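Model the full assembly from the supplied sequences, consistent with the hints where possible.
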Amino acid sequence: MSQPPLLLTNATLCDPAAGRQAPGHVLVREGRIADIAWGAALVAPEGAETIDCAGHVLSPGLIDMRAFVGEPGAEHRETLASASAAAAAGGVTTLVCMPDTNPVIDGPAIVDFVLRRARDTACVHVLPAAAITKGLAGREMTEFGLLQEAGAVAFTDGLKAVANAQVLRRALTYARDFDALIMQHVEEPDLVGEGVMNEGEMASRLGLLGIPREAETVMLERDIRLVRLTGARYHAAMISTADSVEIVRRAKADGLPVTCGASVNNLVLNEGDIGHYRTFCRLSPPLRHETDRLALVAALNEGVVDVIVSDHNPQDVETKRLPFAEAADGALGIETLLGAALRLVHTGDIALPRLLAALTAHPAKILGREAGRLALGAPADLTLIDLDVPYVLDKRRLKSRSKNSPFDEARLQGAAMLTLVGGRIVFRDRSFA
Amino acid sequence: MTSAPTPGFPHRHLLGIEGLSRPDIEALLERADAAVALSRQVEKKRTTLRGRTQINLFFEPSTRTQASFELAGKRLGADVMNMSVASSSVKKGETLIDTAATLNAMRPDIIVVRHHAAGAVHLLARKVDCAVVNAGDGAHEHPTQALLDALTIRRNKGRIEGLTVAICGDVLHSRVARSNIILLQALGARVRVIGPSTLLPTGLARFGVEVFTDMRKGLAGADIVMMLRLQRERMNGSFVPSVKEYFRYFGLDGDKLALAAPDALVMHPGPMNRGVEISSEVADGAQSLIREQVEMGVAVRMAVLEALATHLPNA
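Sequence order for the protein chains is S and L.
No gaps in the numbering here: position 326 of the first sequence is 325 in numbering that gives the first Met the number 0, and each next residue is one more.
No gaps in the numbering here: position 64 of the second sequence is 63 in numbering that gives the first Met the number 0, and each next residue is one more.
I should point out that these hints are in silico values taken from the structure, not numbers from a laboratory.
Note that the coordinates shown come from a computational prediction; the quantities given were computed from them, not determined experimentally.
Among the clues, some could well be false.
Claimed, not checked - Examples of chain L residues toward chain S, derived with CB under 7 angstroms:
#1 Ile-96
#2 Ala-100
#3 Asn-103
#4 Ala-104
#5 Gly-118
#6 Ala-119
#7 Leu-122
#8 Gly-137
#9 Ala-138
#10 His-139
#11 Thr-197
#12 Gly-202
#13 Arg-205
#14 Gly-207
To be verified - The list that follows gives simulated cross-link-like pairs (lysine-lysine, BS3-like), each with its CA atoms no further than 25 angstroms apart:
#15 L:Lys-43 x L:Lys-73
#16 L:Lys-73 x L:Lys-44
#17 L:Lys-126 x S:Lys-402
#18 L:Lys-216 x L:Lys-255
#19 L:Lys-156 x L:Lys-255
#20 L:Lys-126 x S:Lys-394
Glycine included, C-beta positions come from ideal geometry on N, C-alpha and C.
Written out as structure tokens, the structure reads:
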């Protein structure tokens with residue numbers, strides 16, 4: 000498949016891997032970055048299409064390490080096609096889909112199915128994460144080796160934590176032999192109990208049962224001890240508390256192969272956003288106190304938090320239009336990931352290259368992908384970002400099949416104007432002709 | 000009862016005590032005093048709600064609250080319909096929204112709702128066009144209970160300002176405790192909360208109350224002792240080890256009551272577990288206001304219905 004060369008001129012190039020941001024131009028050929036000119040002009044080769052980037056930021060495409068897609072099994076909520084369309088519109092060029100499907104992604108045939116469906120229907124790269132345990136039941140290990148060969152990029156029990164310490168110990172031990180990445184949802188289920196939001200004054204006032212921060216920290220500390228024992232690569236999928244930041248900081252200082260993510264929701268929202276029982280803000284991990292949010296933002300700045308994820312989890316009316324305690328966890332996120340995360344740039348909490356690193360270079364490194372950088376020869380997975388365009392989010396215009404966005408009617412600033420996957424334009428904003 | 004001397008009630012619904020101002024609360028108590036007088040007459044009926052339809056929608060079984068709302072509505076002349084929705088399905092929430100839409104189509108003027116989930120009444124209020132009264136939502140609020148408690152205290156002590164009120168027992172699961180804490184503080188009472196730590200919500204001190212885990216200390220000098228019901232499923236090992244141990248440390252008996260002020264009064268929202276949180280000796284004793292609370296319940300609910308009626312179309 001041969002495409003004409005594409006010249007992206009007059010851009011503000013941002014290479015988060017190098018922490019570099021300056022005006023420049025990029026030439027895309029055969030799906031890869033064929034030339035980069037920082038400052039100086041590039042001459043368009045013959046037959047090249049030229050796009051004037053109007054000074055907007057050209058970044059590597061976003062890599063979202065945590066998205067739930069309803070295919071197979073819950074296509075009424077989301078398909079690979081709809082999730083990838085939402086991703087493209089949000090500047091995301093690679094998404095890691097969680098194994099919480101029906102059937103569960105716990106065997107090579109299902110990995111193969113997802114990859115084939117993605118190849119045929121999705122417009123961005125879809126990388127399946129496989130289950131750590133069969134059926135996500137938390138008991139028997141899956142075939143790490145065969146699953147990796149089939150294309151699984153990581154192992155996680157998705158919404159569930161591997162609660163049994165012996166099972167996790169064996170999984171970590173076995174994973175090390177295959178250099179497999181274990182991604183844990185750090186929430187101790189017994190301490191979560193019937194809790195539905197952050198434990199504390201807010202929950203007490205709303206009459207809702209709380210989830211203590213210790214549900215996260217107890218499991219995180221246990222897991223890190225097991226990482227110390229086994230030496231496996233471990234990624235805490237999402238941390239949400241100030242104490243967790245300290246735990247991860249210590250593990251990293253000790254040289255353990257530990258990384259962690261944070262949901263964009265926990266970085267820009269807090270428990271107060273639940274207001275009068277907004278179920279779209281019912282999440283796992285729950286939205287925490289403002290002090291936790293600030294600690295996460297600081298940790299992102301320091302690099303203790305490696306990646307930002309959307310934790311995209313489409314839910315429908317039947318699971319969300321319920322009393323808070325009876326509703327399902329989860330919120331849409333992949334299409335609003337960039338706009339929501341840019342709040343941290345506009346408030347001055349974080350510099351743009353730093354933020355984009357957590358959305359591109361860092362997840363690429365953890366997943367062992369060559370994308371996520373703006374460099375010669377890198378895949379032309381690119382996102383052009385208008386940092387300043389203001390808008391009020393209208394959930395009816397989201398491309399997802401579900402509408403449970405916590406940012407509905409929120410004022411956001413900054414959005415993807417153009418998204419390229421392998422040099423091909425997969426999204427172009429209507430305002431960007 | 001005439002509504003002339005009391006200021007207007009600036010709310011369309013009564014979803015909780017939170018959000019009510021002190022004048023709002025005092026105006027409701029004034030109306031309720033008048034309703035008490037009316038209810039003690041031979042002719043108990045008024046026409047304030049004549050032609051209006053009131054639906055009591057109870058997702059949780061309740062005998063006394065439902066009867067109280069029914070009587071209150073009828074004394075004001077409303078047509079009252081009781082709907083008890085069986086509480087078995089896990090998909091209750093769907094029923095809630097669907098039921099709300101269905102009932103709304105029947106054009107009621109007031110819906111009184113009790114639901115086992117916190118916030119369910121707020122959710123329902125957003126889906127209907129009529130006035131909504133919260134008759135208890137999960138562990139969140141039970142505003143008419145707090146109002147009737149305040150009315151009972153005020154009529155017996157002459158005031159609420161400056162009194163020390165001790166709320167004892169399972170505060171964690173109690174909507175009565177939450178509504179009472181907010182209301183009593185709004186009217187200037189000092190509120191103490193007493194219970195084992197497993198039954199106290201976190202962040203309780205930030206409600207501005209004094210917290211005690213030793214009942215004897217918490218009761219010292221209290222003017223009002225308000226007991227809470229302990230649900231049977233929480234008695235055996237999950238939150239407290241046994242009924243016997245609970246009664247020993249947190250049950251109100253004559254010995255413990257003697258530590259409160261000599262003229263202390265005892266309250267309980269009912270239904271009581273005799274021998275669990277309260278002894279019969281105290282429940283039926285001279286300091287008990289428990290029967291009177293029931294009478295005040297009808298009066299307060301009349302006051303609430305009447306106040307909300309001022310916002311009904313064509314009122």
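Evaluation of the provided hints:
1. For the restraint placing L:Ile-96 at the interface with chain S, the shortest Cβ-Cβ distance is roughly 6 angstroms, inside the 7 angstroms limit, so the hint holds.
2. Violation of the interface hint for L:Ala-100 is found here, the shortest Cβ-Cβ separation to chain S being roughly 11 angstroms, above the 7 angstroms cut-off.
3. Given the 7 angstroms rule on beta carbons, the hint for L:Asn-103 is violated: about 15 angstroms separates it from the nearest Cβ of chain S.
4. Taking 7 angstroms as the C-beta contact cut-off toward chain S, the hint placing L:Ala-104 at the interface is violated, the least distance being around 18 angstroms.
5. Satisfaction of the interface hint for L:Gly-118 is found here, the shortest Cβ-Cβ separation to chain S being roughly 3 angstroms, below the 7 angstroms cut-off.
6. Because the beta carbon of L:Ala-119 sits about 4 angstroms from the nearest beta carbon in chain S, less than 7 angstroms, this interface hint is met.
7. Annotation: interface hint on L:Leu-122 holds; nearest CB of chain S at approximately 6 angstroms, less than 7 angstroms.
8. Residue-level restraint check for L:Gly-137 holds (minimum Cβ-Cβ distance to chain S is 5 angstroms; threshold 7 angstroms).
9. Residue-level restraint check for L:Ala-138 holds (minimum Cβ-Cβ distance to chain S is 4 angstroms; threshold 7 angstroms).
10. Using the Cβ-Cβ criterion of 7 angstroms, the hint placing L:His-139 at the interface with chain S is satisfied: the shortest such distance is roughly 3 angstroms.
11. Restraint check, L:Thr-197 versus chain S: the minimum CB separation of about 12 angstroms is more than 7 angstroms; hint violated.
12. At a threshold of 7 angstroms, the smallest CB-CB gap from L:Gly-202 to chain S is about 3 angstroms, leaving the interface hint in force.
13. Evaluation of the L:Arg-205 hint against chain S yields a held restraint, the C-beta minimum of about 5 angstroms falling below 7 angstroms.
14. For L:Gly-207, the interface hint is violated, since its Cβ never comes within 7 angstroms of a Cβ in chain S; the closest pair sits about 11 angstroms apart.
15. For the proposed pair L:Lys-43 and L:Lys-73, the alpha carbon gap of about 10 angstroms is at most 25 angstroms, so the pair holds.
16. A hinted pair counts as satisfied when its Cα atoms are at most 25 angstroms apart, and L:Lys-73 with L:Lys-44 qualifies at roughly 8 angstroms.
17. With a CA separation close to 19 angstroms, the supplied pair L:Lys-126 and S:Lys-402 stays within the 25 angstroms bound.
18. Straight-line distance between C-alpha atoms of L:Lys-216 and L:Lys-255 comes to about 10 angstroms, which keeps the hinted pair within the 25 angstroms bound.
19. Our distance criterion of 25 angstroms between C-alpha atoms is met by L:Lys-156 and L:Lys-255, whose separation comes to about 21 angstroms.
20. Using a Cα cut-off of 25 angstroms, the hinted pair L:Lys-126 and S:Lys-394 holds, with the two alpha carbons roughly 20 angstroms apart.
The structure is inconsistent with the numbered hints 2, 3, 4, 11, 14, although it conforms to all the rest.
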